[in-house]
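Chemist: If you number the sequence shown the way the numbering used here does, the last residue is 329 and the count never jumps.
A hint or two may mislead.
What the hints assert, rightly or not - Only pairs whose alpha carbons sit at most 25 Å apart, straight line, appear in this in silico PhoX-like list of lysine-lysine:
1. K223 / K254
2. K314 / K63
3. K58 / K305
4. K305 / K281
5. K166 / K177
6. K255 / K227
7. K207 / K227
8. K281 / K255
Treat the hints as calculated values from the structure; they're not laboratory data. Bear in mind that the values here come from a model prediction, so they are computed numbers and not experimental data.
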Amino acid sequence: MIPTIKFLDGKEFFYEYRDTDVSPAPIMGTHHYHRWYEIYYFIKGECNYFIDGCTFTLIPGDLILIPENVIHRTLYTASYERRLLNFTPHFIPEALIGNLDSLPYLFRNPTISKEVSRIFDSIEKEYNQLDEYSEEMLTSLVKLLFVLIARSENKANQKGGNSAFVAETVKRISKEFQTDITLSNVSADFSVSPEHLSRTFKKETGFGFNEYLTLVRLQNAEKLLEEGKLKTVSEIAYACGFNDSNYFSDRFKKIHGMSPLKFRQKCRKTIEKSKNV
Numbered sequence: 053m054i055p056t057i058k059f060l061d062g063k064e065f066f067y068e069y070r071d072t073d074v075s076p077a078p079i080m081g082t083h084h085y086h087r088w089y090e091i092y093y094f095i096k097g098e099c100n101y102f103i104d105g106c107t108f109t110l111i112p113g114d115l116i117l118i119p120e121n122v123i124h125r126t127l128y129t130a131s132y133e134r135r136l137l138n139f140t141p142h143f144i145p146e147a148l149i150g151n152l153d154s155l156p157y158l159f160r161n162p163t164i165s166k167e168v169s170r171i172f173d174s175i176e177k178e179y180n181q182l183d184e185y186s187e188e189m190l191t192s193l194v195k196l197l198f199v200l201i202a203r204s205e206n207k208a209n210q211k212g213g214n215s216a217f218v219a220e221t222v223k224r225i226s227k228e229f230q231t232d233i234t235l236s237n238v239s240a241d242f243s244v245s246p247e248h249l250s251r252t253f254k255k256e257t258g259f260g261f262n263e264y265l266t267l268v269r270l271q272n273a274e275k276l277l278e279e280g281k282l283k284t285v286s287e288i289a290y291a292c293g294f295n296d297s298n299y300f301s302d303r304f305k306k307i308h309g310m311s312p313l314k315f316r317q318k319c320r321k322t323i324e325k326s327k328n329v
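Input sequences plus hints: build the corresponding full structure.
Modeler: What follows is the structure, encoded as structure tokens:
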């Protein structure tokens, strides 16, 4: 669970700056998806960023824009410096809310790097010295960052760098997560060994095959819990490809900090509250 500053009306905001050395071995960031929007600002180092099935190789000054509930992970191969924002939709300009799907995951434009850094400096200062005006100030700064991005030319290649069979494996998992899909049968379809597919998939995405498959299943289970169409947690687990409802519940709790049952109850309360407003 991401620690956040919580304002009124469900507004949540999180900022983190990190400047660190890593060992010679690659360092993988946490693998997750979450109910916040994210802006990741890469300052220095070497980083591959996996998001929504594609891996991007970052250069200093790059921005990653991540919508809510999209699986992503970082893989660092050298010392690095970065800044990170997580926030609820309240902080996004109204003019952009309806067009968020059209924004790129990777944004690159060196001509605005100094201005981006100044905005992040102001966010960091405000985040560390909160007062009764901080909500308005942080909202203004995030909106300023979004408008700057929207007005600037994106010079990044959005294709990503996965090999053909890794990209197809990601697609297969997304389409067939409800089935008994395995590393062995996918690798056989691509005429490569399970070991080769496993190593290449891990190298390019930062995920193990089963690790990524489990996350996709959990993500879809979350949607079913919100919809409330299936009656029991076991039904939802099996509908998303889990053969063991206890394993499903355990993995779900590790990501969301609560059981699937409590998550569904929370969703129902939120829906009822919105109806009464």
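Chemist: Could you tell me which of the numbered hints above are not met by this structure, giving the numbers in increasing order?
Modeler: 7 and 8
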